[in-house]
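Each protein sequence line maps, in turn, to chains Z and D. Per the numbering used here, the first sequence starts with residue 1, numbered consecutively. Per the numbering used here, the second sequence starts with residue 231, numbered consecutively.
Just so you know, the hints here were simulated from the structure itself, not pulled from any lab data. All values reported here derive from a predicted model rather than from experimental measurement. Hints may be right or wrong, so weigh each one.
Here are the computed lysine to any residue pairs in the SDA-like style, where the Cα-Cα straight-line distance is at most 20 Å [claimed, not checked]:
id, chain 1, residue 1, chain 2, residue 2
1, D, K292, Z, I66
2, D, K342, Z, A50
3, D, K451, D, D251
4, D, K276, D, D251
5, D, K257, D, K451
6, Z, K74, D, E288
7, D, K464, Z, D39
8, Z, K29, D, N421
9, D, K464, Z, R199
10, D, K383, D, L456
11, Z, K115, D, P346
12, D, K383, Z, L38
13, D, K455, Z, E4
14, D, K451, D, R248
15, D, K342, D, Q295
16, D, K342, Z, P48
17, D, K464, Z, E198
18, Z, K136, Z, N91
19, D, K383, Z, E4
20, D, K383, Z, L11
Some residues of chain D that are not near chain Z, with every Cβ distance over 10 Å (derived) [claimed, not checked]:
id, residue
21, G247
22, R254
23, G275
24, S312
25, G320
26, E327
27, E334
28, E337
29, N408
30, D413
31, E437
For each label pair, taking beta carbons as the anchor points, the in silico distance ranges come out as [unchecked claim]:
id, chain 1, residue 1, chain 2, residue 2, range
32, Z, K130, D, V259, 46 to 56 Å
33, D, P321, Z, A71, 42 to 52 Å
34, D, P310, Z, D188, 44 to 54 Å
35, D, P321, Z, A119, 25 to 35 Å
36, Z, R17, D, V313, 52 to 62 Å
37, D, K451, Z, T88, 49 to 59 Å
38, Z, S13, D, Q429, 33 to 43 Å
39, Z, E101, D, L341, 37 to 47 Å
40, D, P291, Z, T88, 26 to 36 Å
Note that beta-carbon positions come from the ideal geometry of N, C-alpha and C, so glycine has one too.
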Amino acid sequence: MGREIVIPGDLLSNDRRKAGEGTYVERGKVYASIYGILDKRDKIRVIPLAGRYIPSPGDVVIGNIIEVGFAFWKVEINSPYEGVLNVTEVNRKIDLNKIDEFLNVGDMIIGRVKKIDPAMRVELTLKGEKFFGKIKDGRVIEIAHTRVPRVIGRGGSMISLLKKETGCSIYVGQNGRIWIKGDENSMDILASAIALIEREAHTIGLTEKVEALIKSEKEKLRGGESATKA
Amino acid sequence: MLQKPERLIVDGKRLDGRAFDELRPVKIVVGPLHRADGSCYIEHGKNKVMAAVYGPREVHPKHLQEVTHAIVRYRYNMAPFSVEDRKRPGPDRRSIEISKVSREALESVILKEYFPRSTIDIFVEILQADAGTRVAALNAASVALADAGIPMKGLVSACSVGKVDDTLVLDLSKEEDNYGQADMPVAIVANTGEIAFLQMDGHMTQEEFRKALEMAIDGCKQIYKLQREALLAKYGGLENE
Numbered sequence: 001m002g003r004e005i006v007i008p009g010d011l012l013s014n015d016r017r018k019a020g021e022g023t024y025v026e027r028g029k030v031y032a033s034i035y036g037i038l039d040k041r042d043k044i045r046v047i048p049l050a051g052r053y054i055p056s057p058g059d060v061v062i063g064n065i066i067e068v069g070f071a072f073w074k075v076e077i078n079s080p081y082e083g084v085l086n087v088t089e090v091n092r093k094i095d096l097n098k099i100d101e102f103l104n105v106g107d108m109i110i111g112r113v114k115k116i117d118p119a120m121r122v123e124l125t126l127k128g129e130k131f132f133g134k135i136k137d138g139r140v141i142e143i144a145h146t147r148v149p150r151v152i153g154r155g156g157s158m159i160s161l162l163k164k165e166t167g168c169s170i171y172v173g174q175n176g177r178i179w180i181k182g183d184e185n186s187m188d189i190l191a192s193a194i195a196l197i198e199r200e201a202h203t204i205g206l207t208e209k210v211e212a213l214i215k216s217e218k219e220k221l222r223g224g225e226s227a228t229k230a
Numbered sequence: 231m232l233q234k235p236e237r238l239i240v241d242g243k244r245l246d247g248r249a250f251d252e253l254r255p256v257k258i259v260v261g262p263l264h265r266a267d268g269s270c271y272i273e274h275g276k277n278k279v280m281a282a283v284y285g286p287r288e289v290h291p292k293h294l295q296e297v298t299h300a301i302v303r304y305r306y307n308m309a310p311f312s313v314e315d316r317k318r319p320g321p322d323r324r325s326i327e328i329s330k331v332s333r334e335a336l337e338s339v340i341l342k343e344y345f346p347r348s349t350i351d352i353f354v355e356i357l358q359a360d361a362g363t364r365v366a367a368l369n370a371a372s373v374a375l376a377d378a379g380i381p382m383k384g385l386v387s388a389c390s391v392g393k394v395d396d397t398l399v400l401d402l403s404k405e406e407d408n409y410g411q412a413d414m415p416v417a418i419v420a421n422t423g424e425i426a427f428l429q430m431d432g433h434m435t436q437e438e439f440r441k442a443l444e445m446a447i448d449g450c451k452q453i454y455k456l457q458r459e460a461l462l463a464k465y466g467g468l469e470n471e
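Model the full assembly from the supplied sequences, consistent with the hints where possible.
Shown next, in the form of structure tokens:
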């Protein structure tokens, strides 16, 4: 896999059919539109190193309720655009007079982006997955959304490692928020592992580093326990 | 205070010893500010410039937002301590004009259609001024935009050219700017060669203008190389692996 960094305006290809994300086409040629890592497998695309989260349909996101309307909630999703969650997108009957009993300002939800219109009005839904809905326990960690693919890993390798090693359940929102659930100590370890991934996302040998970190944290914990016993 | 030198070119060299087509030393730091989405610090000769980019983010006040594309806001500001005599803080006629023309230069490359109903805010602070602050500011802003991950057609690179003692020189110094005959800041989109920005103050013949533009574009290309190197160096460990 090529790990070449490109900057806006770099000529990437003469074949316009290969243009992917992070590129633009002018006079039949493909140029980079953003600063990032070039990925030439399959299509030519540029993987961003920075930037705000821009929602796209089908994304799982974790959001904050910021407003309760007559039959909808407004949801902040770590993006320039806020999401709208309609009462009809919730998996249960809701009394419109008591809409804030289900979700109120300050609550967090995990759901999916249902659709987006050309003016970037974002519709969310809580239907479709068992774990969608209000977040009642665990923690929500925020990282840069560009690092989300590294937390998941190729084919989900990183996330299964994290789940196996810490015993927590993990739900990753594409908007850079991660909901973790487990006992307090495991969540501490997991949080530091995720922080490490975010910090060193662009380096090689990430999986080994994460494994080592989890191992040493666990050992520290065990040491601490035996100390209190003695 | 600066004294007016008798001559600006002595023995075929400039007062600071540079050749006619030589830039001042430029230092570029990418991403010094952690709370901004993108940032850049540039030292260009004795100029010291900090640029910060925020966005795309929600537009406030709301009535400014556009349904079809993002708006771009650019604030060029000189710190009160950036010049020898204290500058009265706040925007004045000069900085409002520079903000407008610089914004238009950057708008020509930013792919605004990707972010309807949002704003991209660029703040450039001149911490120390020494001739050519508007081009240094543009260079910093364009690197900061790339650092913020904002899609653009290319980087904007800027450089000034001028006439002193009837000679065309690149990248005017303070003395040359104050006592020279003409000053012309130019910005180009380096990969296409398009001119994004051009101003002129003073007098030049048509022939001189053509030559000056050529020199300026050459200077811009040198700046582009430095901008590019700085951006690649931020994730430098990566290329060696």
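Status of each hint after checking the structure:
With a C-alpha separation of about 18 Å, the suggested pairing of D:K292 with Z:I66 holds against the 20 Å cut-off. Proposed proximity of D:K342 and Z:A50 is supported: the alpha carbons are some 17 Å apart, at most 20 Å. The hinted pair formed by D:K451 and D:D251 meets the criterion: a straight-line CA distance of about 12 Å does not exceed 20 Å. Pair hint D:K276 plus D:D251 holds up; C-alpha atoms about 18 Å apart against a cutoff of 20 Å.
Only pairs whose Cα atoms come within 20 Å are accepted, and D:K257 paired with D:K451 is accepted, the gap being roughly 15 Å. Proposed proximity of Z:K74 and D:E288 is supported: the alpha carbons are some 14 Å apart, at most 20 Å. With a C-alpha separation of about 19 Å, the suggested pair D:K464 and Z:D39 falls inside the 20 Å cut-off, and the hint holds. As the CA atoms of Z:K29 and D:N421 are separated by approximately 13 Å, the hinted pair is consistent with the 20 Å bound.
With a C-alpha separation of about 14 Å, the suggested pairing of D:K464 with Z:R199 holds against the 20 Å cut-off. For the hint linking D:K383 to D:L456, the alpha-carbon distance of about 18 Å falls within 20 Å, and the restraint holds. A distance of roughly 16 Å separates the Cα atoms of Z:K115 and D:P346; the hinted pair therefore holds under the 20 Å criterion. Of the supplied pair hints, the one linking D:K383 and Z:L38 holds, its CA atoms being roughly 16 Å apart against a limit of 20 Å.
Restraint check for D:K455 and Z:E4: satisfied, since their Cα atoms lie roughly 17 Å apart, inside the 20 Å limit. Between D:K451 and D:R248 the CA atoms are separated by roughly 18 Å; this keeps the pair inside 20 Å, and the hint holds. In summary, the hint linking D:K342 to D:Q295 is supported, as the alpha carbons are separated by about 12 Å, within the 20 Å threshold. Pair hint D:K342 plus Z:P48 holds up; C-alpha atoms about 17 Å apart against a cutoff of 20 Å.
Straight-line distance between C-alpha atoms of D:K464 and Z:E198 comes to about 16 Å, which keeps the hinted pair within the 20 Å bound. Restraint check for Z:K136 and Z:N91: satisfied, since their Cα atoms lie roughly 16 Å apart, inside the 20 Å limit. This hinted pair checks out: D:K383 and Z:E4 have alpha carbons roughly 19 Å apart, not beyond 20 Å. Between the alpha carbons of D:K383 and Z:L11 the distance comes to roughly 11 Å, so the proposed pair stays at or under 20 Å and holds.
The beta carbon of D:G247 sits about 32 Å from the closest Cβ of chain Z, which is more than 10 Å, so the claim that it is off the interface holds. Under the 10 Å C-beta cut-off, the non-interface status given to D:R254 relative to chain Z holds; the minimum distance is some 23 Å. Listed as outside the interface, D:G275 is consistent with that label: its C-beta sits roughly 24 Å from the nearest C-beta of chain Z, beyond the 10 Å cut-off. Non-interface status of D:S312 relative to chain Z is upheld: no Cβ of that chain comes within 10 Å, the nearest being about 28 Å off.
Remark: the non-interface label on D:G320 is consistent with the geometry, its nearest Cβ contact in chain Z lying 29 Å away (cut-off 10 Å). A cut-off of 10 Å between C-beta atoms confirms that D:E327 is not in contact with chain Z; the least separation is 27 Å. Non-interface call for D:E334 relative to chain Z: holds, since the shortest CB-CB distance, roughly 18 Å, exceeds 10 Å. Consistency note on D:E337: stated as away from chain Z, and its beta-carbon is indeed over 10 Å from all of that chain's, at 14 Å minimum.
With a least CB separation of 35 Å from chain Z, D:N408 remains clear of the 10 Å interface cut-off, as annotated. With a least beta-carbon separation of about 27 Å from chain Z, D:D413 lies farther than 10 Å from that chain, consistent with its non-interface assignment. Consistency note on D:E437: stated as away from chain Z, and its beta-carbon is indeed over 10 Å from all of that chain's, at 31 Å minimum. The hinted range of 46 to 56 Å is satisfied by Z:K130 and D:V259, whose Cβ atoms lie roughly 48 Å apart.
Restraint check, D:P321 to Z:A71: a C-beta distance of roughly 45 Å satisfies the suggested window 42 to 52 Å. At roughly 47 Å, the beta-carbon separation of D:P310 and Z:D188 lies within the given 44 to 54 Å, and the hint holds. Taking the beta carbon of each, D:P321 and Z:A119 are about 32 Å apart, inside 25 to 35 Å as hinted. Against the hinted window of 52 to 62 Å, the Cβ-Cβ separation of Z:R17 and D:V313 comes to about 54 Å, which satisfies the hint.
For the pair D:K451 and Z:T88, the beta carbons lie near 57 Å from each other, so the given range of 49 to 59 Å is met. For the hinted restraint 33 to 43 Å between Z:S13 and D:Q429, the CB-CB distance of approximately 36 Å keeps it satisfied. With their beta carbons about 44 Å apart, Z:E101 and D:L341 fall inside the hinted range of 37 to 47 Å. Judged by the Cβ atoms, the range 26 to 36 Å given for D:P291 and Z:T88 holds: they are separated by roughly 32 Å.
Taken one by one, the earlier hints all hold for this structure without exception.
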